[in-house]
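Enquirer: We have chain F already, so just place chain A on it with the hints.
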Amino acid sequence: MSTISRPLQAKVYAALFVIGAACMAALGVSAGAYFVPSLCLLLTAWLVWQGRGLKWFSTILNLNQLSALVLILVLWLGEGLGVAKLNIAGVALIGNLLTGGPLMGALAVPLLVKLHFGSTLKNWFGAARA
Amino acid sequence: MTPSQFLRAAGASALALAGFWPGLAAAASLTGQVTADGKPAMGAMLTVFNEAKTARETVYTDADGRYAIRTSFGGKLDVRARLLGHADARTSLQLSPDQRAEQNMQLVAHATPTDRTAALPASAHNARLPWASEKERAPFISQCNYCHQIGNATTRIPRSHEAWLDTIGRMEGYLAMVTRSEADTFASVLSRGFDGKPFEAKHDIGATPELARAKVEEWLVGDNMSFIHDMDVAKDGKFYGTDEGHDVLWVLDPKTGKTERIPLPDSTLPVGGLFSGMNLHIGIFTGKHGPHSMAEDKDGRLWITNALSSTLMSFDTRTKAFKTYPVPGDALYPHTIRIDAEGIVWFTIVASNQMGRFDPRTEQMTVMALPSNGFFRWVSDALFPTLLRVSSWFPHKVLLTQLSHHKFLGYNVLAFPYGIDVNPKDGSIWYAKLYANKIGRIDPKTMAITEYDTPMKGPRRPRFDNNGVLWIPAFDEGGLMRFDTTSQTFETMKLPGLAPGEYETPYALNVERKSGEVWITANNADRVLRYMPATKRFQSYPSPTRVTFLRDMAFTQDGKVCSSQSNLPAWAIEDGVPSYICIDPTGGERDRQALAR
Chain F
1 MSTISRPLQA KVYAALFVIG AACMAALGVS AGAYFVPSLC LLLTAWLVWQ GRGLKWFSTI
61 LNLNQLSALV LILVLWLGEG LGVAKLNIAG VALIGNLLTG GPLMGALAVP LLVKLHFGST
121 LKNWFGAARA
Chain A
1 MTPSQFLRAA GASALALAGF WPGLAAAASL TGQVTADGKP AMGAMLTVFN EAKTARETVY
61 TDADGRYAIR TSFGGKLDVR ARLLGHADAR TSLQLSPDQR AEQNMQLVAH ATPTDRTAAL
121 PASAHNARLP WASEKERAPF ISQCNYCHQI GNATTRIPRS HEAWLDTIGR MEGYLAMVTR
181 SEADTFASVL SRGFDGKPFE AKHDIGATPE LARAKVEEWL VGDNMSFIHD MDVAKDGKFY
241 GTDEGHDVLW VLDPKTGKTE RIPLPDSTLP VGGLFSGMNL HIGIFTGKHG PHSMAEDKDG
301 RLWITNALSS TLMSFDTRTK AFKTYPVPGD ALYPHTIRID AEGIVWFTIV ASNQMGRFDP
361 RTEQMTVMAL PSNGFFRWVS DALFPTLLRV SSWFPHKVLL TQLSHHKFLG YNVLAFPYGI
421 DVNPKDGSIW YAKLYANKIG RIDPKTMAIT EYDTPMKGPR RPRFDNNGVL WIPAFDEGGL
481 MRFDTTSQTF ETMKLPGLAP GEYETPYALN VERKSGEVWI TANNADRVLR YMPATKRFQS
541 YPSPTRVTFL RDMAFTQDGK VCSSQSNLPA WAIEDGVPSY ICIDPTGGER DRQALAR
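In the order they appear, the protein sequences are chains F and A.
Numbered by our numbering, the letters in the first sequence go through residues 1 to 130 in order.
Numbered by our numbering, the letters in the second sequence go through residues 1 to 597 in order.
So that you can see chain F by itself, here it is in the shape it has in the complex (with noise of 0.2 angstroms):
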């Protein structure tokens, strides 16, 4: 039975999400929605250090590029939209929350180009499934 052992790329990923989920848990404390984000980063923390899950990881944080794609074009030219376009932004405010909101944002740049064009995460997730 032959074992990989965690690279590196999974091991900073994983404790930048927890860093984030401790931010933003610590504003969770005066505005309790932001616990939201808090799990969900502690979530993707989790799979990313197990190497487990790579659809539901590679999904929130896609999920969470469009949600915030979306509240930025909505607000910024959704002028046309009515009444329609603060409910098309507060739908898109409240997924990206459930995704990890601003700092899974962030962080999720960089990984989604990684999880694309590289090979580590991508064996790490396929190597803990097996």
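Treat each hint with caution, since some may be false.
Unchecked claim - Below, simulated DSS-like cross-link-like pairs (lysine-lysine); rule was C-alpha separation at most 27 angstroms, straight line: (1) Lys235(A) / Lys514(A); (2) Lys85(F) / Lys238(A); (3) Lys85(F) / Lys53(A); (4) Lys238(A) / Lys53(A).
Said to hold, decoys possible - Counterexamples of contact, computed for chain A against chain F with all Cβ distances above 10 angstroms: (5) Arg90; (6) Val108; (7) Ala118; (8) Arg180; (9) Ser181; (10) Pro198; (11) Gly329; (12) Asp330; (13) Arg389; (14) Val390; (15) Ser404; (16) Lys438; (17) Asp453.
These are computed hints drawn from the structure, not numbers from a lab.
Glycine included, every Cβ here is placed at the ideal spot set by N, Cα and C.
Expert: Just chain A now, with coordinates in the frame of chain F:
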């Protein structure tokens, strides 16, 4: 408020509503002397109530304790003498039409230290709060004195730390913006400071010969749940007040004393309008529009900002017809409104950091973003409307406080463009940003914006004098700022407190254009201040009403300065209901001269 007070207040309102004004045709005059502890009392207030107790007139005694008052009342009239530090003296007189009577009043010390303490204004009570520093107190002044006094009989009830936290949480439902640690500090200080124990306070009420020249008139308007935000004096001579809670205009004809209740047209929005996600007081906020500020145009139309529905509304004072115009652009809380010489309607939009411009001729509305003043305020400008929309999906849950970054960064994450006025010299539009501590100028032709940092914090509702000088109340620092728009220089002055350590919370001011004198709603010590630039002197006018919290000030054509009693809640005002109040700086002197003949 006791049940009997409630019934009395409600009854008084009902009488006023019905136009019941007995004895109006009659007019009684009183002269006499007020003594305190056996000596002539200077600066005492002698108040005559009409028979229905829906209106009253007050004069101030001179150095000999003498007063003279001509009233528009007749019948069985209550008379009250009041002077800070003494128990009220009261009597009733039956006066036939045009009868003149002599009535002396004797004031004595309060019976107990508890009575004496209870009669002190809010400023005396909240001056005892044990703040560690002025920095610690700053957000308290900004957020907790925002809509009402802290330290009056309703707001100084001794409570535990936990009970104060509950109260502060309730206030957050009305949009008070405090961080978690600020709330904890406030609760700690309030629970220790408001202990219900009697204390001594020595006050200088500012009794002067100038005070003895003045006369005050008050009319009860609305009910004990009314929230009459602003009042304006229209060209028809009537007073119009916006009941922000009930979506009602309260109209008073000061000549007859009759009041009229005019409901605004309905809206498809839920109760609370765009702020339905907040936990606005259920009894007070029964409406959807939230009429807030008013300005009258040359055609006799009142233009009203509806804060909760984000609409602009016109009201024709002759036909009583309303017309509604939605304010576009995610506008949140259209606030103070003014009309320039071209007839263009300008208004600040406070919670979304915008300025509205409306041309009544073309019915074109423009909303322009104001500078964000920093990263976090930029985030607020971008996201605050969305946060409120999300909050509205969960009515009364105040989700905003769980989502907004003000909970950890403080109220300063918003810019809050608040007061506004038009420079009579060049037609430029000027606004004050309450939380960003800036004033700004908009060129009405190019729309170019220039902003200036204010030297004092909390610039609230500024006004121009005839010379293009902008006078600005500094709410957070109890000050007055003077900005010369030509030289672009500030002067600052602290408002005098009733006693050392006491402070004022100046909400609004207005400049009497002929004299250049500045009238300021002091709001923390039940008085109005008048600043005379020629002598650089303040004159204090004690209010006949305990819990005096006034908003915008307007002038009548005969030189009275008027405002609305706008404390939240209205039932905490001494009368239990709001009122319109007018100070005539020379009315007392005229009465004295007329009765001396």
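Enquirer: Please go over all the hints and tell whether each is borne out by the structure.
Expert: Going through the hints against the structure:
In summary, the hint linking Lys235(A) to Lys514(A) is supported, as the alpha carbons are separated by about 18 angstroms, within the 27 angstroms threshold. With a C-alpha separation of about 42 angstroms, the suggested pair Lys85(F) and Lys238(A) falls outside the 27 angstroms cut-off, and the hint is violated. For the hint linking Lys85(F) to Lys53(A), the alpha-carbon distance of about 52 angstroms lies beyond 27 angstroms, and the restraint is violated. Using a Cα cut-off of 27 angstroms, the hinted pair Lys238(A) and Lys53(A) holds, with the two alpha carbons roughly 20 angstroms apart.
For Arg90(A), the requirement that its beta carbon stay farther than 10 angstroms from each beta carbon of chain F is met, with the minimum near 51 angstroms. The beta carbon of Val108(A) is kept farther than 10 angstroms from every beta carbon of chain F, the shortest such distance being approximately 52 angstroms. At roughly 37 angstroms from the closest C-beta of chain F, the C-beta of Ala118(A) stays outside 10 angstroms, upholding its exclusion from the interface. For Arg180(A), the requirement that its beta carbon stay farther than 10 angstroms from each beta carbon of chain F is not met, with the minimum near 4 angstroms.
Its beta-carbon lying about 8 angstroms from the closest one in chain F, Ser181(A) breaks the requirement of being farther than 10 angstroms from that chain. Once the 10 angstroms rule is applied to beta carbons, Pro198(A) is consistent with being away from chain F; the minimum gap is 38 angstroms. A cut-off of 10 angstroms between C-beta atoms contradicts the statement that Gly329(A) is not in contact with chain F; the least separation is 7 angstroms. Not every Cβ of chain F is farther than 10 angstroms from the Cβ of Asp330(A); the closest lies at roughly 6 angstroms, contradicting the non-interface assignment.
With 10 angstroms as the threshold on Cβ separation, the claim that Arg389(A) sits away from chain F is violated: the shortest Cβ distance comes to roughly 4 angstroms. Distance to chain F contradicts Val390(A) as a non-interface residue, since its nearest Cβ pair spans about 4 angstroms, not more than 10 angstroms. Not every CB of chain F lies more than 10 angstroms from the CB of Ser404(A), the least distance being 6 angstroms, so the non-interface label is violated. Non-interface call for Lys438(A) relative to chain F: holds, since the shortest CB-CB distance, roughly 24 angstroms, exceeds 10 angstroms.
The beta carbon of Asp453(A) is kept farther than 10 angstroms from every beta carbon of chain F, the shortest such distance being approximately 28 angstroms.
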